[in-house]
Amino acid sequence: MNKKLKTLSEILLAGKSATEKEDYKNVISELIEFFKLYNNSGVIDSDFQNLLTHLIGSGFDKDLMNEITVDLFYSIGDNLLSSDGANQIIIHSYLNLFRDSEFLKRIYDDKNWEELILQLIIKSNFTFDKLFEQRVKQYKQKNLFRIIEGERTTDYSWGIVNNKITEYKKSLSVLLSENDEETFVAFLLDNSLDMILLDLACLTSGVVNIMIPANSVPQHIEFILNQTKAKYIFVDDEVQLSKIKSVKNNLVYLKKAILLKGSSVDDYVVHFEDFLKAGSDSSKSEITQKKISTDSLATIMYTSGTTGDPKGIMFSHLNIVYKRFCRAMAIPEIGESDRFLSYLPLYHTFGRWLEMTGSIFWAAEYIFMENPSIETMINNFRLVKPSVFISIPKKWMQLYEALTSKVDIEAEDDKKIKETVDQLTGGNLKWGLSAAGYLPAEIFQFFQRYGIELMSGFGMTEATGGITMTPPHKYKPDSLGKALPGIEIKVADDGELLIKGAYVMIGYFGENPDKTFVDGWLPTGDLMFMDEDGFIEIVDRKKEIYKNIKGETIAPQKIENLFR
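If you use my numbering, the sequence shown corresponds to residues 1 to 564, in order.
Derived by calculation from the structure, the hints in this document are not laboratory data.
The reader is advised that the hints may include incorrect statements.
Taking lysine to aspartate or glutamate pairs in the DMTMM-like style, the calculated list, with each CA pair at most 20 Å apart, reads [unchecked claim]:
| # | residue 1 | residue 2 |
| --- | --- | --- |
| 1 | K245 | D266 |
| 2 | K261 | D194 |
| 3 | K394 | D266 |
| 4 | K36 | D84 |
| 5 | K105 | D478 |
| 6 | K406 | E442 |
| 7 | K474 | D84 |
| 8 | K476 | E537 |
| 9 | K500 | E115 |
| 10 | K290 | D266 |
| 11 | K255 | E182 |
| 12 | K130 | E336 |
| 13 | K255 | D236 |
| 14 | K229 | E182 |
Turn these sequences into a full structure, and let the hints guide you.
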């Protein structure tokens, strides 16, 4: 390593806070020169690796991404893709730099990045566990999760969360060591910190977990457990356990139910405290870490089965990780300073992927809403001052009604209305998304007028969540937006929307993909109209279901059958 490069690496290792302000520009200029040098030479060596590694989290990384040209950074990525010398660490560091908010704003409409990032993820095997490990190293002291209890809050930093996940992994290893063959682990849980920690323990260790909607009826739970042959299920409380008990004799493969809250005398039930104690008491120090690749099955999420048996939607690590990069490209302004106030179920796609893993990707803060009542929601807004809120239409309607009950929006001036909006939402709410149902255009436009960029979106579990979204500051009334980065959409001859992309599911569990996909395209079951700008509007449902204002899936045929 030459002397100049060694000095620069030492500066980065010490961090921006240890450098005189007048030297900042010189450091960035030297960094860009070295980036140009490596790009022109095409030689990717340990010196370049050290430079990138020390750059991340130094404080100079953001300055660099503000100054480096888009063409140069793209060219470096292209070289990393084609170079045999580019190891995983170098590419992972490059991907970490790419997510910078200011840089993403500069490339907002540049589609070339989508394929480059996809191929770099695949080449470097950038799985979810690698992404999580990367964030822990960079943000160990920063807060990740917050629990609200009345007027009190409890914070959990990245470091604390990582330690807890390690404990849960060890307990999982002990539990699963009883089996000679691999098995899936099912979840029948409501939102809680323990649910997230268990989920992250599975996602980062290679244990495939099965998300069962908490409102599932016993017959659907029976179907799911028998179809997947899951031997273990984590159950939230005695109410959920009663569902298992009612079909226990029909559960061919289930060995144990781990009960998070409450108690039971049944011999197949393990209390959560005992599950954790088994891990801490074990003499086995090593955690079972399965080999994970981007095409590995990561998890299965089951739908509610409104028109028949539930369907298990299979996701790979590529689905999960690539979606996070694409969502970041769609909303470049969101980043590590943001706070999500979250109540959407973690067994549903928006709650799990956009809010939970989104917070992890952005290194943002995920705050558990105490409960979804409008009174509690407003109290929580005031207490924690979130910047992002994602919801079904009902909550936006309730918030609008709460606002209009406090201020006459027809008579008062904008200043007074804005003050009322800030009072009810905490004064920091900048971003909103309404999906899974219809919200009138005037509600979108009201919040947009008073500083909350409320966007409309359309998605489905099979697409790891979102498919389309109205771009920030480009709202079209009654539109569901245009395709998100990383996914293709088209309207078939019969009007049905078809989708294709690297974050569309692997397929349905137990179903031949050839029956699911048509020439690589997944039919959505929704009839759409697409305008000349690529924005879509829903025309009708090809399938006999719809979603109401609460985001609930309704099957008209079942209602009709009641009256026959």
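Each hint tested on the structure:
{"no.": "1", "hint": "K245 / D266", "in the structure": "9 Å, holds"}
{"no.": "2", "hint": "K261 / D194", "in the structure": "11 Å, holds"}
{"no.": "3", "hint": "K394 / D266", "in the structure": "40 Å, violated"}
{"no.": "4", "hint": "K36 / D84", "in the structure": "19 Å, holds"}
{"no.": "5", "hint": "K105 / D478", "in the structure": "26 Å, violated"}
{"no.": "6", "hint": "K406 / E442", "in the structure": "18 Å, holds"}
{"no.": "7", "hint": "K474 / D84", "in the structure": "42 Å, violated"}
{"no.": "8", "hint": "K476 / E537", "in the structure": "10 Å, holds"}
{"no.": "9", "hint": "K500 / E115", "in the structure": "14 Å, holds"}
{"no.": "10", "hint": "K290 / D266", "in the structure": "31 Å, violated"}
{"no.": "11", "hint": "K255 / E182", "in the structure": "14 Å, holds"}
{"no.": "12", "hint": "K130 / E336", "in the structure": "18 Å, holds"}
{"no.": "13", "hint": "K255 / D236", "in the structure": "17 Å, holds"}
{"no.": "14", "hint": "K229 / E182", "in the structure": "10 Å, holds"}
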